[in-house]
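*Asks:* One letter stands for each residue in the lines below.
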Amino acid sequence: MNKHVQPALDTSPKVSDEIRQTTCYMCACRCGINVHMKDGQVAYIEGNRDHPVNKGVLCAKGSAGIMQVNAPSRLKSPLKRVGPRGSGEFEEISWDEALEIAGGHLGRIRESDPKKLAFFTGRDQSQSFTGFWAQSYGTPNYAAHGGFCSVNMAAAGIYTMGGAFWEFGQPDWDRAKLFMIFGVAEDHDSNPIKMGLGKLKKRGAKIIGVNPIRSGYNAIADEWVGITPGTDGLFILALVHELMKAGKVDLNYLSQFTNAPVLLNEDPDSPENGLFLRDKDGKPLVIDRATGKQVAFDKKGITPDLAGHFRKGGVTYRTVFQHMADRYLSDEYAPDAVADRCGIPADTIKRIAAELAHTAFNEAFELPIEWTDFRGNKHKSMPGRPVSFHAMRGISAHANGFQTARALHVLQILLGSVETPGGFRFKPPYPKPAEAHPKPHAGAQPGKPLDGPHLGYPQGPDDLLLDDVGNAKRIDKAFTWENPLSAHGLMHMVISNAYAGDPYKIDTLFMYMANMSWNSSMNTSGVIKMLTDTDDNGDYVIPNIIYSDAYSSEMVAYADLVLPDTTYLERHDCISLLDRPICEADAMADSIRWPVIEPDRNVRPFQSVLVDLGARLGLPGFVNDDGSAKYQDYADYIVNHERRPGVGPLAGFRGENGDQAGRGDVNPNQMQAYIDNGGFFEEHIPTEASYYKPWNAAYQDWAVKMGLFDAPQPYLFQLYVEPMRKFQLAAEGHGTQQPPEHLRQQVRQKMDPLPIWYPSAEEGADEYPIHALTQRPMAMYHSWGTQNAWLRQLHGKNPLYVPTKVWTENGFQDGDWARVTSPHGSIVVPVALQAALNPDTVWTWNAIGKRKGTWALGQDAPEATEGFLLNHLIHELMPPKGDGLRWNNSDPVTGQAAWFDLRVKIDKCDPPAEAQPAFPEIKSPVGRGPQNLTWKVGK
Amino acid sequence: MTQLPSSTTRKLGLVIDLDTCVGCHACVISCKGWNTENYGAPLSDMDAYGGDPSGTFLNRVHTYEMQPEQGGAAQTVHFPKSCLHCEDAPCVTVCPTGASYKRVEDGIVLVNESNCIGCGLCAWSCPYGARELDRAEGVMKKCTLCVDRIYNENLPEVDRIPSCVRTCPAGARSFGDLGDPDSDVSQLVAARGGYDLMPELGTKPVNKYLPPRPKDTTDAIDILAPFLEPVAEEATGFIGWLDRALDALPASPKKGSN
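So the sequences go chain by chain: A and B.
If you count by my numbering, then the first sequence holds residues 385 to 1323, one letter each, in order.
If you count by my numbering, then the second sequence holds residues 232 to 489, one letter each, in order.
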């Protein structure tokens, strides 16, 4: 027997030589990180406790960053294709040669026809910069990945209430007592939601998870509503029905802060039918309940009448609220009418409505904060409604997603729980109404910049991007009658349209960080063919492809020229208030990345490459008057660029002495000031401005002072979206700009100015009875590189998870495989049982499946042998309907890719050697990773 | 065979809240990162980019499905598991070299890697499967409760906690002295009915788990929030109600004039 002996142990070893604080980029959450350095190398990464986003915590991806910056899949040098597209045959070339090739194509196109460049930037966190570059270049064809991600969420929120979830706002985690989370897989956004859920749990608040899959956040929800995919809007409108019918809506809030009391023209023959009654200044009119008179909505001291109505010149005018009552009190939306379709018992819907009402109104409270509203009325306190909501792609990635997201916002507003204590809170620069955003622009001329920003929020048919004969001006057909409000563009249609030459042919496809030949495209096999197909002359149908990525992704092999990017620890970046900021409800904030390590390869940050190309091409904004380069690199741009006088990419440490926030002159030492401050800047919102922001004079004034906007812009929440009605009127035959005949009916139905629900996947419901979904695991959500040596050990395989009903019907057993068939194609994949699942839904982890030869993985990597994509089953076009047309598999309002409308059938089959379809191996431009890792830096 | 100390001054350990753990694996990878760089040999990864990657982890999250006995929807439980630093740790007593030991001052169970011969007896004896033999180094690895963090004077005081606790986004992990009934962690265990994992084995684990709260139960709420009653049976009645309700609002001019 060995006696108890304790060896001497150093419990205070040196942790690191130095901590360098920067911003994570392992996903889109943008947490602050402390990078511990030893001997000049990254030794350990942890969360930054002072950072507004993550306050010290860090997810699995963040901690695995060390495996990402050292990944064997990192590209090493610019590459020029020498074999056929898709072969992976490249030669390494110098940056001089690479920039000469790229500059040559781009210069030639710009001088002849700039729209022949399609520039799409995937998971770009620098869109205010890449958009500025594209605008200076002059092509109308620019967007990032929002169109295939969650534009429905963003657009519905902006049009309805001047902000949406995630980057636009957050639940009041400290005061909410009931929280409903819809369609949030394990994502959007990563750490803040987990931190918030933890807070709710500590306070004993109730969490209701609405999701067909009970994993992640839904696993810890106190109640799980396993809804049938695509029916969330119907469920929400049934809640609206119950609440309105019982009078459980916040009448004072609706009257004061929304367009519920605004009067609508009810003359069925008028071109103004359904539009607001306005005064001569264009202000919407309401009836003041005190005087019975029609007054502008913003007049001091009025009591806007929700029940107001009057008749003048033979035309009746009634309020928006009465139109809502007409629609939502209808039995069509009664719980009993929707229960079967939603897969939710009617009593559950009724009970949840009752709980919402109880919490919002019986558990209401007031914060003793005095404030003044935009009408000049003073309020002694801030009433709170402790009910909060959050939603993401699960409700938005359907062809009815825009209207569903709108319905959810209407529900929030009816409860008076937006921008009130306990409810949902905006984060600067939001709230910001749709009309304060730009309109879309596509005016391109040879050798000239574009006539305005690419993307924006149309206010009516006149803002569509159509040429004189009604053809789309953009290659992705954004802002057309097919999808009028496509505020983020349609990246998922670019390759398909470019291949078809519809609406026109392009010369060069220039992409950044978008795996379009694999998991980011619908119809993956089809897209691969489009990228490699040749015309009668043997030339590629899409003539030139330039691609930038940091890693050996599937898309690399399809580029003619590869511009290797750095990893996130080797670069400058700014997480800008001009773009997608990192603010909190109580503070405006932005942040930077800086090279905490230097690249050990011949790679350059993509944004610095764009700065270089901009100077070579002589783009306005990138050259001085004498034609010399304006910026040395991206860091130089970040510090010295001004979008408006005194307002630049970074809001902090402005002015000569670095002591100005928001507005101020360029500070040449700004980057160092950020580094010294831990990589971020934060300015707190004054207490009296902390809630009721869209109407709160103190907030509006503070926002102007901070440069978020240049004049106060208070507004009403738009329960009724008048611009949508203008599109409907056009479809009804009014105005000069009208939809083509084949789209008239669609526009009439889908552009309804009050939320509606319609089935999102009508086709093949009988033959393909099962809904098929994807989500990404928390440890890989939004991450660029699931090849990560540590993370792939958590999720290296992705079986198709099958509910008990389908499992039993098919007689499945552990280890079985199944053929999964959609109207578009079929795959053969491994299956696994999951009981906590909607009975008509199957799902898998997205983007685990890899192509052989990519990401520096071995040929036998499970990602490449058993891993699979559902993308093969999803087409960018709907199956033919017999009308001679092919309809987009997108939301008809915004063009959002309808990933989650997929319907399939399942049959047990013999296990193949590997998941089908299997693709030939691509030659790796980086070889494969080492066999074993025993990682330790320093001694 | 190796002796355990007869008692320890403190019983440092973790309290893991299964009601809050979302299964994100943040703790798993933070642990991997800290312990690859720190205490003892790095946590290796065999076939790191190949067909059967297999690395050493001191903490793993398992996911289980539960079918409630009283019926209702199946539930998903995420279950993080690492060494429980048992008071009667069989992994220590089974060790032939004295490499496995339990610290007198805080009860942490550690492996002195220089004495470990990689025989694997301790892993075999551990009923929780909480030890992993590092295949590159040939020594036994296990949770150290970040013994090189919790006393580390090179770290700010607030960071002298295990890396898994520091990183957990949902706040599902707590660290403290479970031997002190007044400590925060002991209070938490008492308040939430924290329990031992497999107590019947007599290992007396120090780590505790807080059970998931009951889910999908709605009876209690029904009393507070019964189904909503319509304000009127007919649609026209709704407008009548609206008029009356608007008059009743505090800001209503009619209310003011009455």
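These aren't lab readings, by the way, just hints derived from the structure by calculation.
Any given hint might turn out to be false.
To be verified - Which stretches of chain B does chain A cover? Using the computed rule of at least three CB atoms under 8 angstroms from a CB of chain A, they are:
#1 291-305
#2 309-316
#3 400-406
#4 411-423
#5 467-481
Stated by the list, open to error - With a straight-line Cα cutoff of 30 angstroms, these simulated DSSO-like cross-link-like pairs (lysine-lysine) come out:
#6 K312(B) with K1181(A)
#7 K387(A) with K435(B)
#8 K583(A) with K312(B)
#9 K398(A) with K312(B)
#10 K590(A) with K312(B)
#11 K312(B) with K913(A)
#12 K683(A) with K312(B)
#13 K312(B) with K585(A)
#14 K1307(A) with K913(A)
#15 K312(B) with K1320(A)
Where is the CB? At the ideal position from N, CA and C, for every residue including glycine.
*Asks:* Run every hint past the structure and note whether it holds.
*Replies:* So, going through the hints one by one against the coordinates:
{"no.": "1", "hint": "291-305", "result": "holds (count 5)"}
{"no.": "2", "hint": "309-316", "result": "violated (count 1)"}
{"no.": "3", "hint": "400-406", "result": "holds (count 4)"}
{"no.": "4", "hint": "411-423", "result": "violated (count 0)"}
{"no.": "5", "hint": "467-481", "result": "holds (count 9)"}
{"no.": "6", "hint": "K312(B) with K1181(A)", "result": "holds (21 angstroms)"}
{"no.": "7", "hint": "K387(A) with K435(B)", "result": "holds (21 angstroms)"}
{"no.": "8", "hint": "K583(A) with K312(B)", "result": "holds (23 angstroms)"}
{"no.": "9", "hint": "K398(A) with K312(B)", "result": "holds (28 angstroms)"}
{"no.": "10", "hint": "K590(A) with K312(B)", "result": "holds (27 angstroms)"}
{"no.": "11", "hint": "K312(B) with K913(A)", "result": "violated (47 angstroms)"}
{"no.": "12", "hint": "K683(A) with K312(B)", "result": "violated (62 angstroms)"}
{"no.": "13", "hint": "K312(B) with K585(A)", "result": "holds (21 angstroms)"}
{"no.": "14", "hint": "K1307(A) with K913(A)", "result": "holds (18 angstroms)"}
{"no.": "15", "hint": "K312(B) with K1320(A)", "result": "holds (25 angstroms)"}
Hints 2, 4, 11 and 12 from the list above are not met by this structure, while the remaining hints are.
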